[in-house]
Amino acid sequence: MIQDEVPVSAQTIQWRCIESKIESKRLHYGRFAISPFRKGQANTVGIAIRRSLLGEIEGTAITYAKSKNVIHEYSTIIGIEESINDILINFKEIVLRSDSYETQKAYISITGPKDITAEDILLPPSVQAIDDSQHIATITKDITLDIEIEIQKDRGYRIQDSKESQAGEFFIDAVFMPIRKANYSVHSFGNNKKFQEILFIEIWTDGSLTPKEALYEASRNLIDLFLPFLHTEEEEIISDRDEKSESNGNILLSNSISTDIDRMAKEVAFKHIFIDQLELPARAYNCLKKVDVHTISDLLKYSQDDLRKIKNFGKKSVDQVLEALQERFAINLPRNKFSID
Amino acid sequence: MILKENKKMFVLPEFGRIQFEGFQRFIHQDLVEELTNFPKIEDIDQEVEFRLFGERYRLTEPCIKERDAVYQSFTYSSDLYVPAQLMRRRNGRIQRQTVHFGSIPLMNSQGTFVINGIARVVINQILRSPGIYYDSELDHNGNSIYTGTIISDWGGRFKSEIDGKKRIWVRLSKNRKVSIIILLLAMGLNMNDILKNVRYPNIFLRLFQRQAENIQSYEDAIVELYKNLYSAGGNLVFSDSICKELQTKFFQQKFELGQFGRRNLNKKLNLDVPGNEHLLLPQDLLAAVDYLIGVNYGIGTLDDIDDLKNRRVRSVADLLREQLGLALDRLEILIRQTIHTVARRKRLVTPKGLITSAPLTTIFQDFFGSHSLSQFLDQTNPLAELTHKRRLSSLGPGGLTRRTASFQVRDINPSHYGRICPIETSEGMNAGLIASLAIHAKVNDRGSLLSPFYKISKTLGEEHIVYLSSEEDEYYRIATGNTLSLDREIREERATPARYRQEFLTIAWKQIHFRSIFPFQYFSIGTSLIPFLEHNDANRALMGSNMQRQAVPLSQPEKCIVGTGLESQIALDSGSVVVSNQDGQIAYLDGETISILLQNEKTVDIKSIIYERSNNNTCIHQRPVVSQGERLRKGQLLADGTATVGGELALGRNILVAYMPWEGYNFEDAVLISERLIYEDIYTSFHIERYEINIYTTSQGPEKITKEIPHLDSYVLRHLDNNGLVVPGSWVETGDVLVGKLTPQEAENSLRVPEGKLLQAISGIQLANTRESCLKVPIGGRGRVIDVRWIYDEDTLPNIANMVHVYILQKRKIQVGDKVAGRHGNKGIVSKILPRQDMPYLQDGTPVDMILSPLGVPSRMNVGQIFECLLGLAGDILKKHYRITPFDERYEREASRKLVFSELHEASQEAAIPWLFEPDHPGKSRLIDGRTGDIFEQPVTIGKAYMMKLIHQVDDKIHARSSGPYALVTQQPLRGRSRGGGQRVGEMEVWALEGFGVSYILQEMLTIKSDHIPARSKLLGSIVTGKSIPKPNTVPESFRLLVRELRSLAVNSDHNLIFEKDLRKKVKDV
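Those sequence lines, one after another, are chains L and R.
Here my numbering is used: the first residue of the first sequence is 1, the next is one more, and so on.
Here my numbering is used: the first residue of the second sequence is 342, the next is one more, and so on.
No wet-lab data here; the hints were simulated from the structure.
In this text, a Cβ means the ideal position worked out from N, Cα and C, and glycines have one as well.
Check before you lean on any hint, since a few could be wrong.
As the list claims (entries may be wrong) - No more than 30 Å apart at the CA atoms, straight line, and that leaves these computed lysine-lysine pairs for DSS-like:
| # | chain 1 | residue 1 | chain 2 | residue 2 |
| --- | --- | --- | --- | --- |
| 1 | R | Lys975 | L | Lys114 |
| 2 | L | Lys181 | R | Lys900 |
| 3 | L | Lys68 | R | Lys948 |
| 4 | L | Lys163 | R | Lys1154 |
| 5 | L | Lys290 | L | Lys315 |
| 6 | R | Lys1048 | L | Lys68 |
| 7 | R | Lys948 | L | Lys66 |
| 8 | R | Lys1221 | L | Lys25 |
| 9 | L | Lys309 | L | Lys271 |
| 10 | L | Lys66 | R | Lys1221 |
| 11 | L | Lys163 | R | Lys1117 |
What the hints assert, rightly or not - Pulled a few chain L residues facing chain R out of the computed Cβ check, cut under 8 Å:
| # | residue |
| --- | --- |
| 12 | Glu23 |
| 13 | Arg26 |
| 14 | Arg50 |
| 15 | Glu81 |
| 16 | Glu82 |
| 17 | Asn312 |
Use the sequences and the hints to build the structure in full.
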């Protein structure tokens, strides 16, 4: 089946940017069209891309600030208009772009009176402030404000726990989500015979990356998510082939582990399943109970020969037990003790 | 509203006025009067004479600033000094001194008092004004009778009734009555006086004749009255002793009408008794009874006791005056006693020696501390503060009780119009008893509530504002302003809805006397913050106005898009914002100080409030909104306070809501929110908790604050400084020590330990003879320590601290279990928080912030929320803020809907968003599921609604108990989270368990988890050793308690077992 369909989608899917706008330094907009899709595919890709854009894109944010002579964030410094907490909120808002995954350090050292903006942060070369005019604080006296900040790159958001903070150290709740908004729409075209779809994707970013970059990153992240599937499938194919060629040869480690786990789980389960579940006739049931066989795992300790040795337990009963075990749990009892291994 | 151009600008009254006016009256009027009324005091020989010069009293400036009083837990008060004179007749020596009378707590600029560092407010009481009221009742046989009740200002009440047989009785108690004739005679009137002074002498004569055989004279009447009062049987003869006893016990029992009571009585009964006669006279009674007979004949009017004209407001002034009177009475007795002893012993004394400040100070302290009308100020947000000051309570001394108050007194009365808000009252048992003052209402000196109206003058065509009491407006035709005649010319011919004699009529405009001045005139400030109020059911509007008072101030508040225009006035009058009171220029500005350079080259420093705790543990904070060098006008906003933005009240945030079901997560009003509300700190609030610890001096010596606590792990002590106090700025968690304290313990205890004795004997080392009694962060508490403060008691020596306060600030983000609400009574609990990509999104990709249940609207009938959210959406796109006055339906039909749709349409046109207004389903839009990309089946109402986070938060409520304290008597777990209590397994819970047939669980719940002591004590051991849990075979403690209680009523109960086999009986003691 699959092989039949491949030539149909030979027409390669292509994307192009239809519209790109920089509405402000912190609001970029881009619109892309991707086509042609076969019926239904556009929605599959669209929703995945949208979710990936909103949830999987990495961003850069200030996560930590440190300043001497500050007792706690709910106080003010003489000569500064904002309270420390307000300054921290302003830090949170600052849009940055970083190429490094390492924790970066940046500094502010400004003597007032002055309006401190994002421009005044002394950033390491790998980090870049997107909007220099973003306000941080207003110094109204000739005092010096020294702040050390840390910048991290991550995805999602992080609510900081200030548990380990020392005096003058502040963890800032960081939002590493550069995508403001994402949207997609599906439009179909073509004739009755051959329906095709076109997917439009709209992306609004905060300026730290362009919509094009965002789209690229989102699809890369999406592909990364699917990669494991490709791997396991390959491995299984390999193992299948191996089994065929060498019968009971070396099974892949991962497979053996998984079967081990399976077996253990089964054993545990059998301990808790009573033989009542087998719905045996009264004679067989009573006989088993008499020899203290209560659960399936108890029963599994017996071989067919052992069963036959139980008093009043005839061949018919043994057959019934075997049948029930096979039917309900797909287990066979070994003929005799020695054939267990 | 048609305003003439020459008319003065229409302004809203100051909302805190009722408090200020009251206190002003007390200080400037009542205080002088009471002091001048203080009598001259002489001793028996008239040797020494003491007098006060009350009119020359002085109040000192408070010794501490109001803010310091809050910090230091002091009372913000002023000392009262009065000049006094002591004269000795014999040598004519006159001694004059100014004496300290005591301290009176002062009202601050916010209309509150600071008592021991706590903001308190004295609320106004509304009660029946003294006077006479006629009513018709049914007696116990179901016959209709007429009654006349005289209500006193101070003392008992007098109730007379006339029955079907024209007999007139006076009620002595619930089931005892006596003929009016007896009372009248006993009061000293004789039959001639009576017959001469009444309109219906025949009835009196008949009554007299009926009694004639045994009652003829004053003496007979006294005896008869005595018999009836004290149910003394037998042959009682008149004697002076009886007379005297009656005099003291019955007649002299205070029955003070007071000034208002006398006035009301005179007015009703058409008497001309002088106004200063505050007691009830026989002739009053006679006139009252005479009127009662008239009422029986249908002459005269019955009174509606719930009418506001029969109720008066007892303000701060009256309450304080009463207390002052009490204090002065006590002082008078004290002075009299001292003067007597002094005169007898011929000792010298000064005025200062006669007067102590104790009575006044303690009485005022007690009043503010424990009187039921002096309340802990609700400071959740500025609105709560302001409404609390404007509250009217029917409860309290002299008022009603919440259990006995009938439905009638709780109900709305037509006279409430424009005086008391018909919407805002509490829910539950206080419904209708706690009311709120309407916006424009005023209280006059006599305590009646006034409402302003425009007087329509026919000759001049001019309108001016007149304040009317409910007594007055009853007889005028008052246009309610439901419809507006826009054309001035034809107005004269048009009919308009109007109020006349408590009824709604349609009256020609020509006949109208007054008209209302403002659409919100009828409502309280809380209610008037609800936009589209007229589209809401009153019950929900009530909840809306009440819940706004519970909104937590947010860290980043936002103005509402759709409001009513009163937001700024409320923010201003609540005193939370800082306003410049002079023209000038900002000289300097930082987080704490705003310096203003005035025109006279002087600078004024204004200190703003930085992250302080309010009474309700919310955070009070002011942030400047001006910039350095800015020129100021008088009245300009300098700093925004808590929950205000740009000088407007901002209790919540505008968020994008959708009314749709979502996987059942909005069942029963639950609410789904987007994660955006968390990471963008949209509903983040600050809560400052104060923890306090007292330092006592025990019999073993004083307790010690120290860092060295050997009993505890060093980890929990890590935040302590060398003095043993937590360092401000440290982050503390549950269990951490805030204040390290050691309590000395009896030495014997440690000696009992054998090694203690040995150690002491060998090396003389004292074993640790202390017990740790540290202040620890309780369960659930965590946060940043922002302040640590020593508190010194006012009364003890300075520099001996006896209390430490630790302030911990918590930053709380919204979470599952928090309560959120809009302004229309639409409330809900957050049930799930979704990532933004999972939320349904609009056609432009914007995810919704909150999903509300659509089923929450039809049955609750609060359609205002829909109008609000749609208009909010339009406003959000057009960057407009709307201020809507209510009842715009008077301009045309469906005015609100037209406004909303036209704005939405405009927004849709302007921003080129076609789906914003779709004619097929206006106001609704297609939403897309963020999880699947599917379009939802039905179009969904979306919009920007103004939602608030309420003070009811899970963090304060979440509670679990594994073990804990038990009540002493019943041995059942205690109740309540604060005591570490258990969860009650009540009757219905038992049914549920019975229904499931889980008998062992049920038994466990009722015995070992509750009040079965032996089983409880064995339980732990058996868990530890791994044995089976013992089965309780005796009865639990609460049953034993019941048996004991029965025994104390002389009912014994035994437990008998009779065996079927041999009928042997086995008795078991219970």
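Hint check:
| no. | hint | result |
| --- | --- | --- |
| 1 | R/Lys975 with L/Lys114 | holds, 28 Å |
| 2 | L/Lys181 with R/Lys900 | holds, 24 Å |
| 3 | L/Lys68 with R/Lys948 | holds, 24 Å |
| 4 | L/Lys163 with R/Lys1154 | holds, 17 Å |
| 5 | L/Lys290 with L/Lys315 | holds, 18 Å |
| 6 | R/Lys1048 with L/Lys68 | holds, 25 Å |
| 7 | R/Lys948 with L/Lys66 | holds, 27 Å |
| 8 | R/Lys1221 with L/Lys25 | holds, 24 Å |
| 9 | L/Lys309 with L/Lys271 | holds, 23 Å |
| 10 | L/Lys66 with R/Lys1221 | violated, 40 Å |
| 11 | L/Lys163 with R/Lys1117 | holds, 17 Å |
| 12 | Glu23 | violated, 14 Å |
| 13 | Arg26 | violated, 14 Å |
| 14 | Arg50 | holds, 7 Å |
| 15 | Glu81 | holds, 6 Å |
| 16 | Glu82 | holds, 6 Å |
| 17 | Asn312 | violated, 36 Å |
The structure shown violates the earlier hints numbered 10, 12, 13, 17.
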